[in-house]
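Engineer: From first to last, the protein sequence lines are chains A and B.
Letter 72 of the first sequence, counting from 1, is numbered 72 in the numbering used here, and no numbers are missing.
Heads up, the numbering used here is the position in the second sequence plus 117, with the first residue counted as 1.
Because the hints were derived from the structure by calculation, they are not lab data.
Backbone N, C-alpha and C fix where the C-beta goes; we use that ideal spot for every residue, glycine too.
Some hints here could point you the wrong way.
[Stated by the list, open to error] Computed beta-carbon distance windows for the label pairs:
1) B:T150 to A:G75: 21 to 27 angstroms
2) A:T84 to B:S121: 30 to 36 angstroms
3) A:I74 to B:A145: 42 to 48 angstroms
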Amino acid sequence: MACNVEAEVKGNVLLLRMSGELDHHEVGPIRKELIELMEKESIRHMILNLANLEFMDSSGLGLILGRYKHLQKIGGNMVLCAATPAVKRLFEMSGMYKILIVELSEERAFSRLEAVQ
Amino acid sequence: MKNSLTCHFTSISENEGLARMIAASFIAPYDPTVGELSDIKTVVSEAVTNAVIHGYNEEDFHEITLKLHIEQRLLTIEIIDEGKGMEKVEQAMEPLYTSRPDMERSGMGFTIMEHFMDQVEVRSASNQGTTVKMVKQLSAVNANCL
């Protein structure tokens, strides 16, 4: 199953809603588009809504970790606002759950970013 | 009840999803838990991705073999490639290690396999391919007999 990504830009914040299956096959084209979009829109923060992401493996983790490292370099933040138990478990196992900001909804994620900016 | 399945497929990244679906369909009759099903799909995805990226350097004309066997709810999965293999298996299995930092890999593949399965065994040698064998005992089914 393919991975669908819905992107919404609000100022310098990029909200991504991902659904379907995020594996090595899907990661390549998504990474390329994301990097271009983030550069074009001067994105500094990112909100991930993974509520409908049915599957993710270490390739997906690599994609997210890559964007996280980029945001860190430019002083931005990444907020995770929803994930299925399986996806959450992968974040926990990789230690990423500890370094990401976790919020319960997109709205709360936006307010959290406003607070830290 | 015991059952076996062996299949061969081409080393293209599209087949990572196919391999996951085959493994999920194979164990479906045994009523795995949602967590077990998700674990199996993840480890198959990791091992097949390794074969595509590392074993065969993303060349799309090789063959990957997936072997599944289940007996008394003990599931054995083997993923076999005949690619370039690894000299240092232990190094490859270390968390966060990746031979391809250029590809933004997380280096978590083997760690995930070891975490999700009861047993993971990797046989590999330079230019002699890689076999990843993983074993997991599926939990007993609670039949609701009144």
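Engineer: That 30 to 36 angstroms hint for T84 of chain A and S121 of chain B (C-beta), does it hold up?
Structural biologist: holds, 31 angstroms
Engineer: Is the gap between the beta carbons of T150 of chain B and G75 of chain A within 21 to 27 angstroms?
Structural biologist: violated, 42 angstroms
Engineer: Cβ-Cβ distance between I74 of chain A and A145 of chain B: within 42 to 48 angstroms?
Structural biologist: Distance hint for I74 of chain A, A145 of chain B holds at roughly 46 angstroms.
The structure fails hint 1 only (numbered hints given earlier).
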